[in-house]
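Asks: Below are the chains, spelled out letter by letter.
Protein chains: 2
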Amino acid sequence: MAKKLTTREEDYSKWYNELVVKADLAENSGVRGCMVIKPYGYAIWERMQAELDRMFKETGHQNAYFPLFIPKSYFSKEASHVDGFAKECAVVTHYRLKNAEDGSGIIVDPDAKLEEELIVRPTSETIIWDTYRKWIQSYRDLPLLINQWANVVRWEMRTRLFLRTAEFLWQEGHTAHATKDEAIAEAEQMMNVYSDFAENYMAIPVVKGTKTESERFAGALETYCIEALMQDGKALQAGTSHFLGQNFAKAFDVKFTSKEGVLDYVWATSWGVSTRLMGALVMTHSDDNGLVLPPNLAPDQVVIVPIYRNEVEFEAVDEVAKDLMKQLRAKGIRVKYDNRDTQKPGWKFNEYELKGVPVRIAIGPKDVEKGTVELARRDTLQKESISNESVVEKVILLMDEIQENLYKKAILHRTENTTEVATYEEFKEVLETKGGFILAHWDGTTETEEKIKNETKATIRCIPLDGKIEAGRCMVTGKPSVRKVLFARAY
Amino acid sequence: MAKKLTTREEDYSKWYNELVVKADLAENSGVRGCMVIKPYGYAIWERMQAELDRMFKETGHQNAYFPLFIPKSYFSKEASHVDGFAKECAVVTHYRLKNAEDGSGIIVDPDAKLEEELIVRPTSETIIWDTYRKWIQSYRDLPLLINQWANVVRWEMRTRLFLRTAEFLWQEGHTAHATKDEAIAEAEQMMNVYSDFAENYMAIPVVKGTKTESERFAGALETYCIEALMQDGKALQAGTSHFLGQNFAKAFDVKFTSKEGVLDYVWATSWGVSTRLMGALVMTHSDDNGLVLPPNLAPDQVVIVPIYRNEVEFEAVDEVAKDLMKQLRAKGIRVKYDNRDTQKPGWKFNEYELKGVPVRIAIGPKDVEKGTVELARRDTLQKESISNESVVEKVILLMDEIQENLYKKAILHRTENTTEVATYEEFKEVLETKGGFILAHWDGTTETEEKIKNETKATIRCIPLDGKIEAGRCMVTGKPSVRKVLFARAY
Chain R
1 MAKKLTTREE DYSKWYNELV VKADLAENSG VRGCMVIKPY GYAIWERMQA ELDRMFKETG
61 HQNAYFPLFI PKSYFSKEAS HVDGFAKECA VVTHYRLKNA EDGSGIIVDP DAKLEEELIV
121 RPTSETIIWD TYRKWIQSYR DLPLLINQWA NVVRWEMRTR LFLRTAEFLW QEGHTAHATK
181 DEAIAEAEQM MNVYSDFAEN YMAIPVVKGT KTESERFAGA LETYCIEALM QDGKALQAGT
241 SHFLGQNFAK AFDVKFTSKE GVLDYVWATS WGVSTRLMGA LVMTHSDDNG LVLPPNLAPD
301 QVVIVPIYRN EVEFEAVDEV AKDLMKQLRA KGIRVKYDNR DTQKPGWKFN EYELKGVPVR
361 IAIGPKDVEK GTVELARRDT LQKESISNES VVEKVILLMD EIQENLYKKA ILHRTENTTE
421 VATYEEFKEV LETKGGFILA HWDGTTETEE KIKNETKATI RCIPLDGKIE AGRCMVTGKP
481 SVRKVLFARA Y
Chain H
1 MAKKLTTREE DYSKWYNELV VKADLAENSG VRGCMVIKPY GYAIWERMQA ELDRMFKETG
61 HQNAYFPLFI PKSYFSKEAS HVDGFAKECA VVTHYRLKNA EDGSGIIVDP DAKLEEELIV
121 RPTSETIIWD TYRKWIQSYR DLPLLINQWA NVVRWEMRTR LFLRTAEFLW QEGHTAHATK
181 DEAIAEAEQM MNVYSDFAEN YMAIPVVKGT KTESERFAGA LETYCIEALM QDGKALQAGT
241 SHFLGQNFAK AFDVKFTSKE GVLDYVWATS WGVSTRLMGA LVMTHSDDNG LVLPPNLAPD
301 QVVIVPIYRN EVEFEAVDEV AKDLMKQLRA KGIRVKYDNR DTQKPGWKFN EYELKGVPVR
361 IAIGPKDVEK GTVELARRDT LQKESISNES VVEKVILLMD EIQENLYKKA ILHRTENTTE
421 VATYEEFKEV LETKGGFILA HWDGTTETEE KIKNETKATI RCIPLDGKIE AGRCMVTGKP
481 SVRKVLFARA Y
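Top to bottom, those sequences are chains R and H.
Position 103 (the first sequence) corresponds to 103 in the numbering used here; numbering is contiguous.
Position 107 (the second sequence) corresponds to 107 in the numbering used here; numbering is contiguous.
Check the hints yourself; a few may be wrong.
The calculated lysine-lysine pairs, modelled on DSSO-like cross-linking and capped at a C-alpha distance of 27 angstroms, are [claimed, not checked]: (1) H:Lys208 x H:Lys180; (2) R:Lys259 x R:Lys180; (3) H:Lys87 x H:Lys451; (4) H:Lys453 x R:Lys98; (5) R:Lys250 x R:Lys77; (6) R:Lys4 x H:Lys134; (7) H:Lys134 x R:Lys14; (8) H:Lys87 x R:Lys113.
Derived by calculation from the structure, the hints in this document are not laboratory data.
For reference, chain R alone in the conformation it holds in the complex (with noise of 0.2 angstroms):
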């Protein structure tokens, strides 16, 4: 294994493309702008999918699975998703392979060419309201509250691991509902079911906020988001949700009767989060040893090396080894022990940090001798001694306490980085020497989020939820504004 990552100093995406791959989680396929998420990011991707789940069916949704493939036409029915959403696409246009006449391989039939064109979903807001057309007609089908899991084309010119890709995972939720209000309601309670999962699970702190206009989602009428900073300063969003009003409905034809028998077009949500949360957990908490995960997140929570020059060395170190395991997984702890032949213990220290497995515990034949063993802390690297019979409860409280640690330590990165300015000099200099999240009054028209982003490449993130009142003047115009808005560059 090379391990030696160029670090985050020396070149900050470089880190983060080398580590993704080396530390086993994805690599680029065959196919352009694709990737193949290994079985170690995808361990990872599951535990994300999994409390996502757990909170989603507690909230009241259901899963459902709608197809892949959407028709052309369908994206022209709501006016502003199909600016949005109807560009780079990947567009089926033919059902049949055949082999050439010639000899010369297959080919495409050109006599199996679809009569309209079908692209691979890259979201699925049309496809899904063409069905609840169906499923709705009276106030007693709602609300409607549905999640998917699945994967989505968009095709980017650009692409990175877990960041930008042709095709990603995610899910997205669809819902319906009576009144506005409900919907809203709807769209803030996954906003703050998606920055709790962030904080509370990924130990990723977030920024709670609405999009402005020109930022929001394609056929929404308020974007609600979650943004994260990242350790190069730089924000990523994390989450969106949606209130769509009654758009959607609308473009298909999704009409209720209400209790009182009024027929209204119905109120709409949709909201998602993407394998570029994986993105964020790589960025949030990794060092230039390789990955650091929250112990809620890891695969292996813990893993065991065994060290040993002979038989008989190995036949004590197993014996305790084996046994403390046990006991690990009998607290719910998930332990591996790794007692390859094959590999030398140094070797097995620099594959868990680059792993990033929250405890490491080394057992040698002195430690036997002692009653003790070698734990070290991924976070902080700190190693110590201890005995065999506070390993366990030792063990339970490094959880919590690494969970934790993380989180505070993203916390300080982001209060350290965030800065707020008054005049558009002091910005541009903030951005240039420092980065990070930006406050700073804006007149909230277009036009100057524009010349901002053209002349700096930040952008609103979001105008936060939780900022303060307070009047003051545009940094670029001028012109009065009654809150500072969050300024950043951003993935």
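Chain H: place on chain R using the hints.
Replies: Below, chain H without anything else, positioned relative to chain R:
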């Protein structure tokens, strides 16, 4: 709710189609051949997934995710695979849409044509083996035991919900081994995992066997399968497991260095089951009143329906119902308490019968007085009044009893509908009058197999693994045969 289903006697195929839609399992979408899996159907599929996933992990497999798209040229690399799969496929030829210049809507941008067409995966051997080349160098990297949960697309001309759809959901296992024996053992193990799952979890008896050469997976040296018999006497292939030899390793140049330092191609298997199992489930257990679900798979194992005429009665019934629900949930039973006041008890009874909930508990004012409830079994449609004190215990027993009863009924049906024949005349008569599985001697040639298929539409479902060795003569050609093989008309 228009409850009355077409009966199975009247028209089995129509009964199936109606039931799948009315019981809220799935429905056709606006996209030709692609289904929408509705929340109730998806909840059953999730239970199948969870159990299979547990079984795969218990046998040492890990999940991963590979691209949806496969470059066209990959299919040509394995000679027999290309004939089997590179035919009726969804072909992506373009990656962009744009607004038509004449304002007529959106069109495919002719400038965005892909250099090489991409095929939406019909199965993933080629893209996975292209990846395995990078993952496998040494015997230390073997065995590689990977599974993927994914959607796949095969452009079927005639589709039926769950049984044959253009897009379906499945899992596909793809493993790599150092030796031939190990790969064969893996393929057999996974066939056994599938049969365990079908029999013990879905209550569907299956025959394990191998496919004849002409029915083998394209690229396999041996295909193991499990075959189930539906109520109408037709067979359904419920799962397959393939020993692929070194075919894909050779096609994609995947070699490993053995412990002894010898370079060789690796040995492969692949295996899969799909949402087709949902069709098998429906056609094994259900009746003219609707779905019948084995307790293992039922999203709701028990439904409680309150019966009352006024608020006072409701309050008394509600108290008993809620208490019972709590007690049952504490025992791990999945209970739904349907206290909606928008539907009458009779409507609810029909609804849950249609949806196959294994046990229904009705509680009325008289029950409250007497300290009893009315308990109805979905499988036998028997009702009984039992005391509040014994209901929890009774329900727990019923979970096993119903599961077992469904399996026994299915076994009995299969026994009654499996016929051994000696002559081709007898074979044809049984096929026409009774259907079912037919055991007959066959001379082992593809010619005879084809002749039988063309003349009778019956195919060899498998060469049963537990079939007894007995000298005989092929029913068609009179040539010698050492065992009877299993014929049927099939889905």
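Asks: Starting from Lys250 (chain R), check that the Cα of Lys77 (chain R) is at most 27 angstroms away, please.
Replies: Holds, because 9 angstroms separates the two Cα atoms, which is no more than 27 angstroms.
Asks: Hint check: Lys87 (chain H) vs Lys113 (chain R), CA-CA at most 27 angstroms. Holds or violated?
Replies: 14 angstroms, holds
Asks: Mind checking the alpha carbons of Lys134 (chain H) and Lys14 (chain R) for me, to see if they're no more than 27 angstroms apart?
Replies: 21 angstroms, holds
Asks: Between Lys208 (chain H) and Lys180 (chain H), does the CA-CA distance stay at or below 27 angstroms?
Replies: Distance ~21 angstroms between Lys208 (chain H) and Lys180 (chain H) Cα, so the pair holds.
Asks: Below or equal to 27 angstroms on CA atoms is what counts here, so check Lys259 (chain R) against Lys180 (chain R).
Replies: It holds: about 16 angstroms lies between the C-alpha atoms, which stays within 27 angstroms.
Asks: Is the Cα-Cα distance between Lys4 (chain R) and Lys134 (chain H) 27 angstroms or less?
Replies: 20 angstroms, holds
Asks: Could you grab the alpha-carbon distance between Lys87 (chain H) and Lys451 (chain H) and see if it respects the 27 angstroms cut-off?
Replies: With Cα atoms ~25 angstroms apart, Lys87 (chain H) and Lys451 (chain H) stay inside 27 angstroms; holds.
Asks: Given the hint that Lys453 (chain H) pairs with Lys98 (chain R), test it: the Cα-Cα distance must not exceed 27 angstroms.
Replies: Holds, at about 25 angstroms.
The structure shown violates none of the earlier numbered hints.
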